[in-house]
Amino acid sequence: MKTVFLHILEKYTHNYQLTNTLWQEIETNYSKRNRHYHTLDHLEDMLNQLHVIKTEISEWDATLFALYYHDIIYNPLKSDNEVKSADLAVKRMRELHVPSAIIEQTKTQILATKSHEISSDNDVNFFTDIDLSVLGQTWPIYAEYARNIRKEYAIYPDLIYKAGRKKVLNHFLAMDRIFKTEKLNSKFELQAKRNIEKELRAL
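Counting in our numbering, the sequence shown runs from 120 upward without gaps.
Hints are computed from structural coordinates only; laboratory data are not their basis.
Ideal Cβ positions, reconstructed from N, Cα and C, are used throughout, including at glycine.
One should not assume that every hint holds.
Restricting the straight-line Cα-Cα distance to at most 25 Å, the calculated cross-link-like pairs of lysine-lysine (DSS-like) are [unchecked claim]:
| id | residue 1 | residue 2 |
| --- | --- | --- |
| 1 | K302 | K312 |
| 2 | K173 | K121 |
| 3 | K233 | K130 |
| 4 | K233 | K302 |
| 5 | K270 | K317 |
Just the calculated beta-carbon pair ranges, DEER-fashion [as the list claims (entries may be wrong)]:
| id | residue 1 | residue 2 | range |
| --- | --- | --- | --- |
| 6 | S305 | D164 | 16 to 22 Å |
| 7 | Y135 | L278 | 47 to 53 Å |
| 8 | K286 | H133 | 46 to 52 Å |
Throw the hints in and build the complete structure from the sequences for me.
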């Protein structure tokens, strides 16, 4: 994870003190004690899956920046995590003198993870699909994800958490397609719906 991140930054700066500081910020934020799913493991899983479809991505650097920054700000009590994460990404990328077009693409991808709606930009669709790919994994992996999400919302009692969780899960089921790209839809859609329905029955 660190090696890939630093390799991207080397394209834009040779200030190694800055690049190491930026990595430390990412590592610290994703390693906070209140995180159980939105961790470095989540980023690594996404990175591995993105490498599989790398040839489908038009702007690889923007997608990688989006990967590392899309959950850098995460507070389960707030609804503006994506906006704050995008703002921080923009700030850091400007410090690195990344071209504005790449910055804007990164921002768009991060903000898209709030609603996961279909986009006219296929890079955005691939990124949001990968972000949701845990939904389409085998049941044991999905069940572990669900348990970790519950831990992140531990401040809420079951009565409140279950109502909110049901709303989120039903939102996904109501979508025409959870996964917007053909490649990932065929890979994950059916299993994701089965997993979501199974979790709903258990709530």
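Comparing the hints with the structure gives:
Restraint check for K302 and K312: the C-alpha separation of about 17 Å stays at or below 25 Å, so the hint holds. For the proposed pair K173 and K121, the alpha carbon gap of about 19 Å is at most 25 Å, so the pair holds. For the hint linking K233 to K130, the alpha-carbon distance of about 29 Å lies beyond 25 Å, and the restraint is violated. Between the alpha carbons of K233 and K302 the distance comes to roughly 22 Å, so the proposed pair stays at or under 25 Å and holds.
Restraint check for K270 and K317: satisfied, since their Cα atoms lie roughly 19 Å apart, inside the 25 Å limit. Checked against the hint of 16 to 22 Å, the pair S305 and D164 passes, with Cβ atoms roughly 20 Å apart. In this structure the hint that Y135 and L278 lie 47 to 53 Å apart at CB holds, the actual value being about 51 Å. Between K286 and H133 the beta carbons are some 48 Å apart, a value that agrees with the proposed interval 46 to 52 Å.
In terms of the numbered hints stated before, the structure departs from hint 3 and from no other.
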